[in-house]
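Using the sequences and the accompanying hints, generate a full structural model.
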Amino acid sequence: MTRLTPTPSQTLGPFFAHGLLRPNDGNLAGPDAMGERIVLRGILRDHEGAGVRDALIELWQADAKGRYPGRDADADPAVNGFGRTMTGADGSFEFATVMPGAAAGTGNKRQAPHFLIGVFAAGLSRRVTTRIYAPDAGALADDEVFGELPPATRERIVAKASGAGRLEFEINLGGARATPAFSD
Amino acid sequence: MADNRIYEPFQDGPQPPYLTKHYGRTARMAPEGLLAASPRTPTELAGPKWQNGPDAEKSLVHGAKGLALGQLIRVVVRVLDEDARPQRGALVEIWQANAAGKYQHPVDQRDAPLDENFRSWGRGLTDDQGEVDFLTIRPGAYPVPSSGGWWRPPHIHISAYGDSISSRLVSQIYFPGDPLNPLDGILQSIPDVQARERLMLKHDPSAGIAELALGYRFDLVLRGRAATPLEG
Numbered sequence: 001m002t003r004l005t006p007t008p009s010q011t012l013g014p015f016f017a018h019g020l021l022r023p024n025d026g027n028l029a030g031p032d033a034m035g036e037r038i039v040l041r042g043i044l045r046d047h048e049g050a051g052v053r054d055a056l057i058e059l060w061q062a063d064a065k066g067r068y069p070g071r072d073a074d075a076d077p078a079v080n081g082f083g084r085t086m087t088g089a090d091g092s093f094e095f096a097t098v099m100p101g102a103a104a105g106t107g108n109k110r111q112a113p114h115f116l117i118g119v120f121a122a123g124l125s126r127r128v129t130t131r132i133y134a135p136d137a138g139a140l141a142d143d144e145v146f147g148e149l150p151p152a153t154r155e156r157i158v159a160k161a162s163g164a165g166r167l168e169f170e171i172n173l174g175g176a177r178a179t180p181a182f183s184d
Numbered sequence: 001m002a003d004n005r006i007y008e009p010f011q012d013g014p015q016p017p018y019l020t021k022h023y024g025r026t027a028r029m030a031p032e033g034l035l036a037a038s039p040r041t042p043t044e045l046a047g048p049k050w051q052n053g054p055d056a057e058k059s060l061v062h063g064a065k066g067l068a069l070g071q072l073i074r075v076v077v078r079v080l081d082e083d084a085r086p087q088r089g090a091l092v093e094i095w096q097a098n099a100a101g102k103y104q105h106p107v108d109q110r111d112a113p114l115d116e117n118f119r120s121w122g123r124g125l126t127d128d129q130g131e132v133d134f135l136t137i138r139p140g141a142y143p144v145p146s147s148g149g150w151w152r153p154p155h156i157h158i159s160a161y162g163d164s165i166s167s168r169l170v171s172q173i174y175f176p177g178d179p180l181n182p183l184d185g186i187l188q189s190i191p192d193v194q195a196r197e198r199l200m201l202k203h204d205p206s207a208g209i210a211e212l213a214l215g216y217r218f219d220l221v222l223r224g225r226a227a228t229p230l231e232g
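Line by line, the protein sequences give chains A and B.
The numbering used here puts the first sequence at residues 1 to 184.
The numbering used here puts the second sequence at residues 1 to 232.
Incorrect hints may have been included.
[What the hints assert, rightly or not] Below, a list of computed lysine to any residue pairs in the SDA-like style, where the Cα atoms sit at most 20 Å apart:
hint, chain 1, residue 1, chain 2, residue 2
1, B, K49, A, R156
2, A, K65, A, D32
3, B, K49, A, S162
4, B, K58, B, Q71
5, B, K58, A, R22
6, B, K49, A, A78
7, B, K21, B, A213
8, B, K65, B, N181
The set of hints was computed from the structure by calculation and includes no laboratory data.
And the structure:
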């Protein structure tokens with residue numbers, strides 16, 4: 001049988017905005033979406049702690065009941081599940097969405113509510129992915145992925161509530177508070 | 001649904017390492033908090049689905065006042081998985097510089113002409129054969145600012161979404177035989193020579209348009225294969 005090798009990745013570069021972004025791409029929830037509306041705000045920093053501008057941030061998440069569009073037939077049609085945006089001059093970015101529910105895990109387990117984040121930028125040869133979890137200690141204790149992460153650093157991928165309906169997190173590519181991330 | 005699919009982690013060699021001397025900017029960007037391979041729960045095995053847009057989005061060269069300047073080319077992109085199965089409904093997006101090597105972007109401050117008839121991006125969904133075609137121009141080379149003489153070879157940026165978020169890929173494709181290719185830090189950051197060759201467009205007259213556009217083909221292989229080997 002034929003077995004092909006995946007095409008090599010190359011950096012996104014700085015000039016992608018016209019090619020990839022449309023005005024509403026950072027809004028994942030339509031007017032009829034079920035669940036708690038939230039603004040998810042983050043900042044991307046390089047090894048020296050400087051904000052990384054002109055990076056592409058992608059978000060993938062379940063709907064309020066933990067269902068993924070395209071995978072679960074009964075997923076909320078008003079929730080896109082996927083969004084993308086770019087960082088501003090200070091490295092910050094934000095998405096308007098709904099709080100995800102507990103998605104199915106492997107076997108019969110449920111996962112803690114979380115977002116999958118993909119980062120592309122000039123200077124990144126490949127995508128960097130990480131998870132950002134909602135601050136829900138009870139659910140985190142039972143999450144199959146979170147439970148396997150190094151206890152010393154995994155708190156860094158739990159978002160912090162910063163007011164009603166607002167969650168914040170950092171993605172530090174290096175330094176003393178480097179964000180746990182998954183190799184692509 | 002892709003629950004029975006395998007997505008193996010990328011390896012340095014066929015893929016460029018996060019940290020590479022060929023591309024200096026990686027020194028302050030390569031992730032230091034890297035863990036082992038990504039989990040593959042239902043989160044990573046699902047992914048976005050796409051709607052087809054207007055066909056006009058696949059031509060970059062039809063401006064309001066005529067055709068774009070430069071060598072017109074038609075590029076037929078075929079999206080496959082690791083089992084060589086065509087991927088239908090994959091979103092493919094491209095962006096590139098114009099024939100003068102100038103990007104339609106505020107960050108590109110170089111003194112080179114813009115082309116009002118050239119639109120710098122295109123997008124389309126693959127058909128039942130896994131193919132989507134773009135009508136564009138061969139982009140110009142351009143110097144990288146403050147780089148000590150590095151010129152990017154002509155290249156087309158490409159982005160694709162396959163059957164799950166784990167098959168997501170962003171890359172760049174190049175023109176075979178260009179003298180700048182062996183000097184390009186981004187292309188040369190891929191250690192394996194065979195892998196670099198896989199980023200070359202293939203000239204194919206049958207992909208062209210008579211008396212209008214040169215034809216090229218490109219096979220884009222996205223990560224993912226069936227857990228149970230296919231027959232044949």
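A quick look at each hint next to the structure:
1. Between K49/B and R156/A the alpha-carbon distance is near 30 Å, which puts this suggested pair outside the 20 Å criterion.
2. As the CA atoms of K65/A and D32/A are separated by approximately 14 Å, the hinted pair is consistent with the 20 Å bound.
3. Restraint check for K49/B and S162/A: the C-alpha separation of about 32 Å exceeds 20 Å, so the hint is violated.
4. Note on K58/B and Q71/B: the hinted pairing holds, with a Cα-Cα distance of about 17 Å set against a maximum of 20 Å.
5. Annotation: proposed proximity of K58/B to R22/A holds, straight-line Cα distance about 16 Å (limit 20 Å).
6. Proximity of K49/B to A78/A is assessed by CA-CA distance (about 14 Å); at most 20 Å being required, the pair is judged to hold.
7. Proximity of K21/B to A213/B is assessed by CA-CA distance (about 38 Å); at most 20 Å being required, the pair is judged violated.
8. Of the pairs offered as hints, the one joining K65/B and N181/B is violated, with about 34 Å between alpha carbons and a cut-off of 20 Å exceeded.
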